[in-house]
Every structure is written in C-alpha cells, then in structure tokens.
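Enquirer: Chains as they are written, first to last, in my numbering: chain A, 147 to 256; chain B, 118 to 1023.
There could be a bad hint or two in this list.
[Unchecked claim] Derived lysine-lysine pairs resembling DSBU-like cross-links, with alpha carbons at most 35 angstroms apart:
#1 B/K828 x B/K899
#2 B/K121 x A/K232
#3 A/K185 x A/K238
#4 B/K378 x B/K869
#5 B/K500 x B/K828
#6 B/K121 x A/K238
Simulated from the structure, these hints should not be mistaken for lab results.
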Amino acid sequence: MGKQTELLQGTLDLLILRTLELQPLHGVGIADRVAQATKGVFVIGPGSLFPALHRLADRGWIEGEWSELATGRRAKFYSITPAGRKRLIEEKRNWNRVSIAVNQVLAEES
Amino acid sequence: MNLKRIFQRLRNRGRADADLEEEIASFYDGMQARRIEAGLTPGEARRETRAEFGSPARVVEAVRDSRVEAVLETAIQDIRYAWRGLRRNPGFAAVAVLTLALGIGANSAIYSLMESILLRSLPVAGAESLVVLNWHSRPPRDGGKDWVHVMQSVSGFAWKGGHGSYVSGMFPYGAFETLREENGSLSVLFGHFRAGDRTLSIGGAASSAGGEYVTGEYFRALAVRPAAGRLIGPEDDKPGAPPVAVVSFATSQNRFGGPAKAVGQPILVDNVPFTVVGVAPPEFRGVDPAWEPGVYLPLRANLLLDGSGAASMYGNGNFYWIELMGRLRPGVTLEQAQSAMAPRFRQWVSTTATTDGERAKLPELLLTPGAGGLNSLRRDYSKPLYVLLAMVGLILTIACANIANLLLARASARRREISVRLSLGASRWRVVRQLITESLLLASLGGILGVVLAHWGTQWLTVLLTNGRENFTLGAGLNWFVLAATAALTMLCGLLFGLAPALQATRPDVMPALKNGRAGEPRGWTQQALVVAQLALSLIVLVAAGLFVRTLNNLHSVQLGYARENILLFSVDARKAGHRDPEIVNFYSGLRRRFEAIPGVSGATLSQSSLIRAGHARGAMKVGETTVEGTRVLVTGANFHSTMRIPMLYGREIDDRDQPGSAPVAVISERLARTYFDGRNPIGHRIAFLKEKRELEIVGVSANLRYGSLKGENPMTVFIAASQVSLRGMTYALRTAGDPLRHASNIRDIVKEADSRIPVTNIVSQAAEIDRTIGQEVAFAKLCTGFAALALLISCIGLYGTMSCAVARRINEIGIRMALGARRGAVVWMVLRRVLVLVLIGIAISVPAALAASQLVESLLFETKPNDPAILALAGVILAGAGILAGYLPARRASKIDPLVALRHE
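Between the sequences and the hints, there should be enough to build the whole structure, so can you do that?
Expert: Encoded structure:
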C-alpha cells in the first residue's frame, strides 16, 4: 500500500465528487476507487468517508439510492447531481489554483 | 443546503437512523466478504475489518455528529437531561422557579406600566413627527410674594422645570394665531383644551363624560380616520357654525349602541343641543393619556357652553388656556423648528407685557417631541416608576444570587458525577453547556410563570397607581414589547446565575473530587459572598419599605380638623342641566333638605368641592385696612361645619337664615382670626373681596382644618354662603349612620326625581376620597412592604442553604468538638456566630448604599427624613432577626450531631 498521506481539509469532497462523476458507486467502491487512483496514497476509512458522503448529500451535490449488488446483498449507491457537477468544476478550478501556488513556493525553495 | 432532505430526516428520525445503520453495515459486510474471498474464516475476517476500521457504531456516531441538526439534537438531549435533573430535585426546582418567577413577574409588571406610560406612542400615523409646544420662564413669584408675569391668569397646568424654571403647555389664543402663520417648519399647528366633565343627555338619559375642545385642524393633523361619519374640520370651528360634536368610540357604543347609529343623532351637552357628526376610532383616546375624552367639540363651542366669559378668552393675551401641538414638515428637525418659531413667539409675547417686571421674565418657546402625546402622566409617574423598577431590579438580583447559590450547593453535591463525566472524556465545554442548559431551563420556567404573575400584577398595579382616577387611558398590559423584554431578562438571569457555578463545577482539578466524594470548595467563599450580597441588597429594600410605610403613617395621622368617617360625598351640577341664577340656589338647597330627610342621615350640606380637593383662592381681600393674600375661600351651604364636625369657636356657622337677599356673611378660620384680629373678637367685623367689591360680615370663627392636600398646611380659610353667590357644580356631604355608600341609590333616585337631566357623579365616602389623594403613597407602602418581605424571604432561603452546606462540610469538626466535650449550646452558638458575622458584614456594606439610595426618594416622602436612624436600625434588627431564624435550623441540626456517627462518616 505504501505510505499514506493525511487528507487536506476539503480535498476529500473533491475526490469523492470526481470519483462519482465517472459512475455511481457504493461506499466500498468509492474507497477502492480513491485508493486505486491515488496508488494507495489516500486510504479513506469509513469514519471519514460516510460523514463526507452524508454532508455532500445534505448539500444536494450527490444522491444515494439502494440497489442490489451482483452478490445479492443490498448497498447504497451514490451518484452525482447536476448541482454536484457544477460544484466539482469549481472545486477543480480551486484545486488547480492552490496546487500551482504551492508548487511555485516549493520551486522557489529548492 | 438540501433543507427538504434534512426536514424529512428530522420528521422520520427512526427510519433515517435505521437506513444509516444498514448503510454502514453493508460497507462492513463488503469489506468482510472481500477478506473471506481472500481465504480468511468469517470470524477472522470480522475481527480484521474491525481492527482496521473501528466499530460500525462509531462510524454511525461520526455521521450523526457531523449532521447539521446534531447541534439541535444535543440541545434537546441536554434539555431532557436537565429536566430529569430538576425532577429528581423537586424542592430545589420549586424554590428556584418560584423565586425567579416572583422576580421576573414583578419586573415585567413594572416594565409594562413603564412601557405604557413612558414609552408608548400615540396610535396615530407618523407620530414621530408630532411636537408639543411648551414655554418656560422664571417663576411668576420669585423673591417677593407678588405674582409678576405676562400670564396673569391660567386655566390648566404649569410645573417646575430644570434650574428652577417655570414650565407650562398653556398658551393665549393670540399665540396660536401668530404661530400658525409661522408655517415654514410645521405643516400644521393645532390646539385643544380640556372641557372638563360634561353632562351628555341622549334621549332623556343623562351621564357624565370628559370633554375636549379641539381646533379645526386637530383630527386632520393627527391623521385620525373616523370610525363613522366625519370628524371636526375647520368649517366647524367658527363663531356661528352649526353646533356639532364627535363622540369617542366608547361613547358611541355605550350610549348609541354603535358608531353607525350615533351619526346624525341629536345630543345635549350640558343641556345645549349638538349634532353628532362622527365617531372617533376605537384606538384613538385623545392626546393626553391622563384625559380620555368621551366627546370632542369644536373650540368655539365653548361660546355656547361656557357662558359670557368664554368670548373674552380669545382676545385676552394674558390668559393662558389653549394647548398646542404641531406636525413637523418632512426634513425639518425639532431644533430647526424651535429656532424658527421661538423668535416669533418672543416677539408676540413681548407685546402682551405691560410692566418692566413682566418684560424681565418673558416666556420662551420650547418644542418637545410629541410622539407620546402630552407628558402630564410622565411627569407624575416617571420618578415613582423608576424607583419601583429599581426595587424590583434589586429583588431579581437577590433572586439570581440565591439561585446561583443553590446551584453552587448542588454543583458541589454533583461534583462526583461531573468529575466522572470529565474524566471519561467529555469536553469541559460540553459539560458547561449541559449545566448552562439546566440554568436556562430553570430561567425559562421561571420566566413563563413570571409572565403569568406579571399579567395579574399589571392589572393590580394599574388599580393601585391610578387609584380611582377616571379618564385614564393607561392601557398597560403584556404586549410583544414587554414579552420580548421579559424573555431577554430571563435569558440574562439564566446566564448570570448559571455561568459561575458551571465554570466552578468543571474546574480542571477533577482528581481531588474523585478521591473524596464530599470535598467541594474548601470553605465556600463564593457562597458566603453571595449570601452577604443578598443580605446587603435586602437591607436596602427594607429601608425603602420602612421609609414609605412611615410616610403613609404620617399621612394617616395628619390632624384633619374635620370628620373623615361616616361622610358620603357626591357631586351634582345643576347649571349644566340649564338651571340659572337665582333659581339654582333654591334648587340646591331644596335638594339638601331632601337629603337631610333620608332616614339614617343626620346631617346634609354642600360645598363647591370636597375639602381634600379644595384649592380655590378668590384673589386678595381686605380685613379692615389690611390687604390679605393667599386665603382659601370655600363656598358652602347650610350646616357645613356641624355636618363636617368642624368645631365653631365663636359665633355661628352658615345656615338657612343666610338667604340671597339677606346680609352677606362669612365664617373665618382661627388662624385668620388670630393673625389679623389679634385677640379681638372678629364677630361683626367685615371683610371684603377686592375683585368682587363685596363686603361680608363675619358671623363665626371655626377651628383650623387641613384644607386641600394632606401634605399642605392649615391655611387661613374663609367660608362664604352658597346662597349668596353664583353657583356651578356642587359637592354634597351627608353625615350617615353606618356605611355611607348604602345610601347611593336612594340619592340617585332623589336627584332623578328633582331633575332627570342631572347625573350624580363621583359618589364616594370621605375616607376613600382622602385616600385617593394619597394613592401613590398607599401603593408605595403596600408594594414596598411586599418587596421587602420577598427580599427577606429569598435571602433567608439563601442563608439557610449556605449554613446547611457549611454544617454538612464541618460535620467531622463538629463531631470531634462534641466528642471532646463541647456542649450543644456551644455548637449552636458556633453556627449562629457565623450567621451573625455574615449579617453584620451585609449590613456594614449596605448602610452607606441605603443612605445614598434613600436620598433619591426624598421627594416621595412626607415628614420623613431619608436617613432616619430609627428606620435604619429597625431594618437592621429585622434583617438580623430573620437571619438568626434562618440560621437556627442548621445550627440546631449541628448540635444534634452524634459524635460517633459523625466520625464514622469519613
């Protein structure tokens, strides 16, 4: 798994929205996707994942719906809403600005 | 924020929780399933998943805590917990809620009175742009005794302003006409004056109502809309205009059966026919809260109603009688209007001065905000109300200190519980919040009960303070304004008495408390300080009560010089029903004889007013060659002195021998006789009233009596025969056996039989009439005694609680002392000594404060010095006595301690 990194405040929302932009997923799926996509840098435990999911749902950016898995068990699948897509565009823009700024600072240092 | 979603979740909490738990469970299932696929047994998979992610329950909690409504839920939880805590301790809760309710209720009641008197606006559109016109000058009688002022006569009020100035709201008509032309700053100027009590006859039935004369602009300027018909306009206020009247909404309902039925109806005002053209709206009750008109008449209707003198009022620039108000033009400030109008008034008023003395103190115009209407009530009541508010403020402070004390005691009892919660990881803030919730809950319960008490209290206070005064528009009651103030006060109290105990109880040093269940604060300094504060504040309230009770006693023990009991008073005005000289004299004396014949009535007489309200001077008079000023003159019918039990020293009283045709007579008081006849018998001598150019023969000398206000003096008094002067309304006095008021209906019947157009007004016993004039003092004495008892009670509860705690804390020490041979008496003394020390510290702190505070109420006292040492001593003794009483119970309990039990207690 490699070394894990603490998540920046607010980054989790961006990661979840980005993940759900591609396809609806349930909790386990989201955790897997994030770990996979970041090559194990970010591992999201349920203690932070679920509060984040519910917070995003409360704001109307994602919606959850129960459906059957292939294994026959039930799981809640989250999908992104139009408001969520708008929010994602904003978050991406923010992130880019921040990361460029941080990289500049780092470049100056070295 | 998806409010719909949150709202649904709140409405269906159970299902939302189940849904969340299932969601988390399915996550854990998924993770476990993956591990089973990887070859672990179900048990191992379960353990490993939990090891990695923690328990599902904690995840559920984390989600719940992150929700928006979580704050609300913890608050609800806190409230439930606090409620359970209070239910477990019903005695504590009852004492706390009750003391708080009394404190808050008293505050709200006083505040609602203040709101209605001092703060409320007139119920008219744009009240904030209204202004009231007053003037101020040096007093007419400064230095010498003579009246020197352009205001040579006045009908209305004048009062003392700041810096010894003399202020009035009355103007001559000429000033109104002049200022009306200065219309740059006021869009409209209007006038009005009290028409006094008038007899309204409608369809043959007569009753009395307050009247108000208004100029044609009055209603338009106040932006009042009629409830029916039309209101008085400029066309009605002209000499010779058809006589019209506007009646108040209440009059229309009581006398006509509704506003619509009143319009167009004929009405007799003092037997003069008018036509009702309209009805004022229900909320409008005139511009003076102390005068609620039942009928509004055009200004110049006084030419029809008030006889020959009325016409001269308009042209006389030295007679002050009309009150003026105006409306500022948009954008004009009060100061701008003042500086625009004042020179104009100054110029006009200087033309009315005829001597240098008058010119030296010309009135200056003074504009004041008129949103609240006239401020006559505010002048009379603002100081008493502030004093009462200060008193109830003190009571509430005592109550808060008391509850803080009870909470402290409770907190030390709960220290263990709190320490356990703190050491189990509850944050300090969380526990403080819990404790504050508890005190806010207490405060809210107290506040709610307080509002109920305030509702009654306000009605009671209104009766107490207005004390039979009629025409009052004081609509004091609980409105949103008062309720909001009460709510704010309640929350403030909750925080005030909750915060300190909460912070103290959660101090970080939890370990000692855990080790030792009982140890709280080592000596309970905070508690003792709070008790001392309560005692000190109580002393102030006690001293105030003492001062006001003393004042009332002094007023009650004033030597009147005439009978107070078994006298019935009532007023009849035959002139308003059309009786004229000389027939009116016979009418009045005929009535007197019929009253005298009532079984159970041993005497009947009449005078122009009751003695306690008498205040008439009749200008200067001459005794021999000496001019005498300041004598009081009362017009009386036959048998006045014998009915009123005023002793005659020489000669005879006025009786039926004195007829219109016979020689004019007078009875003088002893003081006048002593001052101007030194030693000689005045009988047969003559006195003369300069203005009337009439000589009267002195036929009798009566003993001195308290004429007019109880607080006044016994002035030189002259009684003249009613049969020999022109009469208006008269007040009859009957001497009765037993309760005077039981003759009331009999009297009404007799008057109705004599002339059905005349209403009998103001039927009252002499004792009640006198008490009415000291209503404020009676109210203060009653209220403050109540307040003092309340303060004392609350403080004693505090003292009792503190001493009980102290005894409990020192149980070991007391046990040891007793084991070593201390006697019970010594133990009682040990505790009482502590009580006495606290009481003495309280008194020591509070005596200077009480002395300073009592200076502030000096103007409300009568023949009582504010720093009366006897009252101070009495208050101290009462406080110490109550303190010892409260401390005795814990002291006795301490002395009953069994040394063995106490030592085993550890």
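Enquirer: Now, for every hint given, state plainly whether the structure supports it.
Expert: Structure-based check of all given hints:
1. For the hint linking B/K828 to B/K899, the alpha-carbon distance of about 19 angstroms falls within 35 angstroms, and the restraint holds.
2. With a C-alpha separation of about 20 angstroms, the suggested pair B/K121 and A/K232 falls inside the 35 angstroms cut-off, and the hint holds.
3. For the suggested pair A/K185 and A/K238, the alpha carbons sit about 20 angstroms apart, so the restraint of at most 35 angstroms is met.
4. The straight-line distance between the Cα atoms of B/K378 and B/K869 is roughly 26 angstroms, inside the 35 angstroms bound, and the hint therefore holds.
5. For a cut-off of 35 angstroms, the pair hint linking B/K500 to B/K828 stands: about 18 angstroms separates their Cα positions.
6. Taken as a hint, the B/K121 and A/K238 pair is honoured in the structure, with Cα atoms around 28 angstroms apart against an allowance of 35 angstroms.
In summary, the structure agrees with every hint in the numbered list given earlier.
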